[in-house]
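Under the working numbering, the first residue of the sequence shown is numbered 1, with each subsequent residue one higher.
Keep in mind that the hints were calculated from the coordinates and are not lab data. Check each hint, because a few of them may be wrong.
Claimed, not checked - Straight-line C-alpha distance at most 20 Å; calculated DMTMM-like pairs for lysine to aspartate or glutamate: (1) Lys159 to Asp145; (2) Lys159 to Asp55; (3) Lys159 to Glu27; (4) Lys159 to Glu80; (5) Lys133 to Glu80; (6) Lys133 to Glu64; (7) Lys68 to Glu83; (8) Lys102 to Glu27; (9) Lys159 to Glu83; (10) Lys133 to Asp55.
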Amino acid sequence: MKIRNAAGLVVLALSAGSTLASAEFTEATIYTEPHNAAAAFISTLHFMVGRMGRDCAGPLSKAESFPKEVVAGWEGRNGEYYEASTLYAGNVMSYYERTRGKDFAAAAMNEFSSSVQGQGAAVAQDMLSVPDKRAACTTFLARLDAGGFDITASRPFFKELTELVAIARAFRH
Numbered sequence: 001m002k003i004r005n006a007a008g009l010v011v012l013a014l015s016a017g018s019t020l021a022s023a024e025f026t027e028a029t030i031y032t033e034p035h036n037a038a039a040a041f042i043s044t045l046h047f048m049v050g051r052m053g054r055d056c057a058g059p060l061s062k063a064e065s066f067p068k069e070v071v072a073g074w075e076g077r078n079g080e081y082y083e084a085s086t087l088y089a090g091n092v093m094s095y096y097e098r099t100r101g102k103d104f105a106a107a108a109m110n111e112f113s114s115s116v117q118g119q120g121a122a123v124a125q126d127m128l129s130v131p132d133k134r135a136a137c138t139t140f141l142a143r144l145d146a147g148g149f150d151i152t153a154s155r156p157f158f159k160e161l162t163e164l165v166a167i168a169r170a171f172r173h
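Please put together the full structure from these sequences, using the hints given.
In structure tokens form, the structure reads like this:
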């Protein structure tokens, strides 16, 4: 089952007092600034990979499907983290709507999306701000294929992303 199809599961389990929600996983321990930052980090990384795929298709003479292929390759290695953070972000927005109202949740979602897209686009633009875009794209793809944009223990937010995966798993079973 894709985690995206389980949107709201964590909030529902918590609000219903599910037996799956151990003392370790409460709203206070799940909805934290470090988890928020981790979700923003990986969402930005995902957006940047997609933007680079889109912007490199032309210089590399790739097919229209190239951006989706680039993202799919990255998701194949990092999907568990990305899906858990997507579920988390959706649940944070549901939590905000439930506790602070629809307007606050909508504003928070807009801020999150704007930040992710703005930062991701800025990183992609920076990588391509060289005269030889083809070389920049080739370097990007080599780095991507070598795992240079993958979530590993040496990456920022690895601990928090691993926690989000554990939380998602706890509420899926």
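Do the hints match the structure? See the list:
For the hint linking Lys159 to Asp145, the alpha-carbon distance of about 23 Å lies beyond 20 Å, and the restraint is violated. For the given pair, Lys159 sits about 31 Å from Asp55 by alpha-carbon distance, which is inconsistent with the 20 Å threshold. A threshold of 20 Å between alpha carbons decides the hint, and for Lys159 with Glu27 the separation of about 18 Å falls inside it, so the pair holds. Distance check on the hinted pair: Lys159 and Glu80 sit about 14 Å apart at the alpha-carbon level, within 20 Å; holds.
With a C-alpha separation of about 31 Å, the suggested pair Lys133 and Glu80 falls outside the 20 Å cut-off, and the hint is violated. Between the alpha carbons of Lys133 and Glu64 the distance comes to roughly 18 Å, so the proposed pair stays at or under 20 Å and holds. Restraint check for Lys68 and Glu83: satisfied, since their Cα atoms lie roughly 16 Å apart, inside the 20 Å limit. Among the hinted pairs, Lys102 with Glu27 is consistent with the structure: their alpha-carbon atoms are about 19 Å apart, no more than 20 Å.
Restraint check for Lys159 and Glu83: satisfied, since their Cα atoms lie roughly 16 Å apart, inside the 20 Å limit. For the given pair, Lys133 sits about 9 Å from Asp55 by alpha-carbon distance, which is consistent with the 20 Å threshold.
The earlier numbered hints that this structure contradicts are 1, 2 and 5.
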